[in-house]
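Residue numbers (our numbering), protein chains in the order written: chain A, 1224 to 1283; chain B, 7 to 329.
Read the hints as simulated data drawn from the structure, not as lab findings.
Misleading hints may appear alongside valid ones.
[Said to hold, decoys possible] PhoX-like cross-link-like pairs, simulated, lysine-lysine; straight-line CA separation at most 20 angstroms: (1) A:1255 - B:24; (2) B:161 - B:137; (3) A:1261 - B:137.
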Amino acid sequence: MTRRKFIESIFKFGAAVIIGGPWAAKKVLPEKFIYAIKLDKYPGTIKPLSDITKIGKWRG
Amino acid sequence: MTVQCELCPKACVIGPGKSGDCRVRINLDGVLRTVVYSYPCTMHVDPIEKKPLFHFLPSTAAFSLATVGCNLHCKNCQNWEISQSNPEDTPAFFCPPETVVELTKNNQCTSIAYTYSEPIIYYEYTLDTSKLARQAGIKNVLVSAGYINQEPWKKLLQYTDAATIDIKGITEEFYRDVCSATLKPVQDALVTAKASGIHLEVSNLVIPTLNDKPDDIRKLVIWIRDNLGSETPLHFLRFFPMHQMTRLAPTSPETLNLAREISTAEGMKFVYIGNVTSKEGQNTYCPKCKKLLIERSGYVIVQNRIKAGSCPDCSEKIYGVWK
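Extracted from the complex, chain A is given alone in its bound form (with noise of 0.2 angstroms):
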């Protein structure tokens, strides 16, 4: 390998670190949320609206 052919595999391989690296480290690492979206539908059953003037058995 000539030093000139050297030099170049150096900066191919630090391009495609500063390249890809951010995106392989997305693939790997979780994306994070503080806040979440609502979901519009409920994965339970709805109920209707009674008995809300009493007061709760629950504690609190």
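Given the coordinates of chain A, work out where chain B should sit on it, guided by the hints.
For chain B alone, coordinates are given in the frame of chain A:
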């Protein structure tokens, strides 16, 4: 693609289609979603004293709601049927924030209490409802374990008027073994809440053999006094066998009275005992002249002598929001 929820210190890494530890925040197509926004499983009109909040608008009604789920898993949870259940197993009302505000007005409630389970895990619903309530002149009350990260906590506190935070114990071991959580973030949340200027009260469920030693109680009280102030109302609550802790006896009234005595001796001004009949432990006395200020019987105010936020006998200012 996995997501990480950074709302609370658990920092759940959630795989596709899965939920976090709280059961209600899910990863759907690489986005964090809340499945309980607008879907409370329970709503009631409660006296504010039930939260417990003894120094915040006494004798008023709080429109109280909760969704399923919790980010703690206390073995002694008294509301485990909702806090430890999955949304798919629990029927819910459809009640968007504007409907909550409307119901609050229709039921002559002064405040909305986000309570029973854990308002932090239905954070977005709490926050949006609080914003609308504030515009409508309704107060917002949080009843929480305070297990939340600082950034979302500070944002929520901007729309909060009062909070009662349950500090479960004063050791990391207690939080780890009994609640599947950690103590430090709760202490940080308490300090931030007090510094934000909201009205703050603190509760502690006294559990026989686990957090009822006089030294533990003293350590807890000293931390509260030194970090939140001696004026912070403190409620010691009686434990009843519940959920995964059915083999322990209920807390004895003597232990609760001792906790109150220790607190008073350490300089706490307003100490109450709850879930038990106690005349002295339910009433508010002036910390200066010791005269009776508020007499309570259960959740009922028998008499309230506080005048313009002060003792009528010695003019001592009494911590609280009185009107």
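Status of each hint after checking the structure:
1. A:1255 - B:24: With Cα atoms ~15 angstroms apart, residue 1255 of chain A and residue 24 of chain B stay inside 20 angstroms; holds.
2. B:161 - B:137: Holds, at about 11 angstroms.
3. A:1261 - B:137: OK: residue 1261 of chain A and residue 137 of chain B at ~16 angstroms, within 20 angstroms.
Checked against the numbered hints given earlier, this structure breaks none of them.
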